[in-house]
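Single-letter residue listing:
Number of protein chains: 4
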Amino acid sequence: MKKFSYIHDFKLWEKEFDFFHSIKVRFSETDMFGHLNNTVPFVYFEEARIEFLGARGLQQEWLSKASEVIPVVADLQCDFLEQVFFGDILSIGVKVDSFARSSCDIHYKGTKQDGSVCFVGRGTLVQVSTITGKPVPFTEAAREKLLGSSKV
Amino acid sequence: MKKFSYIHDFKLWEKEFDFFHSIKVRFSETDMFGHLNNTVPFVYFEEARIEFLGARGLQQEWLSKASEVIPVVADLQCDFLEQVFFGDILSIGVKVDSFARSSCDIHYKGTKQDGSVCFVGRGTLVQVSTITGKPVPFTEAAREKLLGSSKV
Amino acid sequence: MKKFSYIHDFKLWEKEFDFFHSIKVRFSETDMFGHLNNTVPFVYFEEARIEFLGARGLQQEWLSKASEVIPVVADLQCDFLEQVFFGDILSIGVKVDSFARSSCDIHYKGTKQDGSVCFVGRGTLVQVSTITGKPVPFTEAAREKLLGSSKV
Amino acid sequence: MKKFSYIHDFKLWEKEFDFFHSIKVRFSETDMFGHLNNTVPFVYFEEARIEFLGARGLQQEWLSKASEVIPVVADLQCDFLEQVFFGDILSIGVKVDSFARSSCDIHYKGTKQDGSVCFVGRGTLVQVSTITGKPVPFTEAAREKLLGSSKV
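Residue numbers (this note's numbering), protein chains in the order written: chain A, 182 to 333; chain B, 182 to 333; chain C, 182 to 333; chain D, 182 to 333.
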């Protein structure tokens with residue numbers, strides 16, 4: 182198995198996912214090489230991350246017009262392991278892998294119908310003040326929501 | 182030549198374009214059939230329309246935060262005549278074909294490097310009040326700007 | 182109700198849909214006006230059309246590598262009736278509205294959760310030979326599949 | 182300045198770019214947060230990378246139907262430094278940062294009109310056999326082309 186700087190033990194890493202979002206590959210997302218264009222998994226990450234945050238009870242707060250904090254994606258990365266094709270139904274696992282004061286590291290795992298992992302990825306999500314534009318530390322309540330049952 | 186309900190005389194119609202915007206087809210805009218995905222010309226229409234409105238001196242006004250009117254696309258259509266491929270450099274012609282009180286009919290013509298017309302299209306642009314949400318008649322000055330030199 | 186050149190009686194037209202595909206609006210499909218970008222319904226039409234053709238038993242045949250005929254989209258159009266927002270869950274109705282020898286007119290209806298119709302559209306699908314590039318008449322069996330139970 | 186695992190000395194790193202590709206941000210590439218959606222820089226990376234490979238004389242070879250090797254993107258990452266808005270004209274710098282036997286590390290730098298760096302990124306490009314699917318070492322000639330004048 183290929184090595185990833187952000188995954189120490191792949192088997193352990195895999196086990197920690199307990200949120201999954203299903204996405205079917207669109208025809209318009211393929212390219213002339215006949216497979217999923219490599220820019221599209223980032224669209225899937227965004228969709229799955231938002232569903233994850235919603236399931237954890239945080240998206241509602243962050244999307245509220247009155248909210249003084251919003252989540253900002255500071256970086257994103259993806260490793261492509263297997264080709265993905267039109268019509269494939271992918272399961273996108275999402276989890277919070279670690280926390281800093283006002284940011285967290287969100288990890289992603291894309292799996293095909295046959296159980297093979299087709300891509301993995303990660304990105305930093307920073308909680309930012311809509312007023313000052315500066316990072317805002319997560320409350321203990323928000324941390325607990327983000328972790329969900331996955332680390333309990 | 183195929184017939185289009187919105188083009189009476191193709192030769193005459195073609196001659197009325199005097200604004201052209203150049204777009205190079207991206208790899209990510211192709212699909213597994215090996216050509217430009219048929220949803221992408223609408224993205225090109227939007228890009229070309231905005232460049233056209235900017236060149237006519239209207240986009241600045243409409244995009245200003247203080248503007249009380251905005252342009253709204255009420256409908257869009259495209260006829261596909263020739264396949265388009267990765268790397269093709271298209272010239273997208275844009276013109277105002279006709280006016281109603283508070284809307285205009287914008288026409289598009291996509292041409293390939295070899296001069297062949299690869300797609301044609303049209304769409305209604307309505308000027309709407311940001312306050313009432315209702316259509317607002319174009320001023321005489323706005324009509325003149327939109328027509329530019331094409332009908333003078 | 183607005184008039185559409187391709188819809189004679191809206192109430193009757195609506196009743197003829199018996200295939201529906203559900204799509205949730207992605208964050209990345211919105212634009213800075215805060216709503217669904219108007220180029221995206223065409224992506225939804227493609228996704229829904231392919232699901233429809235699959236449900237009618239035709240997509241498998243057309244996507245087979247051995248197939249000597251493929252479906253080609255000759256034109257597309259969309260009328261935008263209501264703004265659509267991030268997270269909206271749309272039901273996209275698809276039906277074959279009429280037939281010509283080697284083409285059919287596919288109609289679309291997008292409905293929001295509250296039952297309001299947010300966009301309608303149509304497009305011609307032509308059956309083309311992969312060998313000659315010319316239109317190929319539908320077989321009687323294909324016509325029956327395309328019509329499904331909707332006109333029985 | 183933020184730290185990046187793939188950039189040791191930012192000033193030195195910046196100086197090594199000698200290929201730049203210009204891209205204007207499309208309206209359809211913004212999202213409801215009012216700025217460029219964070220999935221789009223990867224589309225820009227692909228467009229700029231292909232232009233870079235073309236300028237280096239490699240894209241023609243790789244895109245030729247007779248080619249027995251093709252470039253495959255093994256991973257991609259992007260760090261977002263500044264918000265990007267509709268109409269911004271970005272300069273995307275591309276360079277080969279380092280080589281392995283059959284792969285190279287391509288780096289990207291996105292700069293706004295005012296000279297500020299809005300995003301940086303990288304990704305591994307692997308040369309793969311279309312017959313065996315296995316990595317194929319770069320020839321000396323290909324390495325020289327990829328490096329261009331930047332490291333001479």
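There may be inaccurate statements among the hints.
Unchecked claim - Derived pair list, reagent style DSS-like, types lysine-lysine, alpha-carbon separation capped at 30 angstroms:
hint, chain 1, residue 1, chain 2, residue 2
1, C, Lys205, C, Lys183
2, A, Lys293, C, Lys205
3, D, Lys205, A, Lys184
Honestly, the hints are just simulated from the structure, not real lab data.
_Please list, smallest to largest, the hint numbers that this structure does not respect._
3
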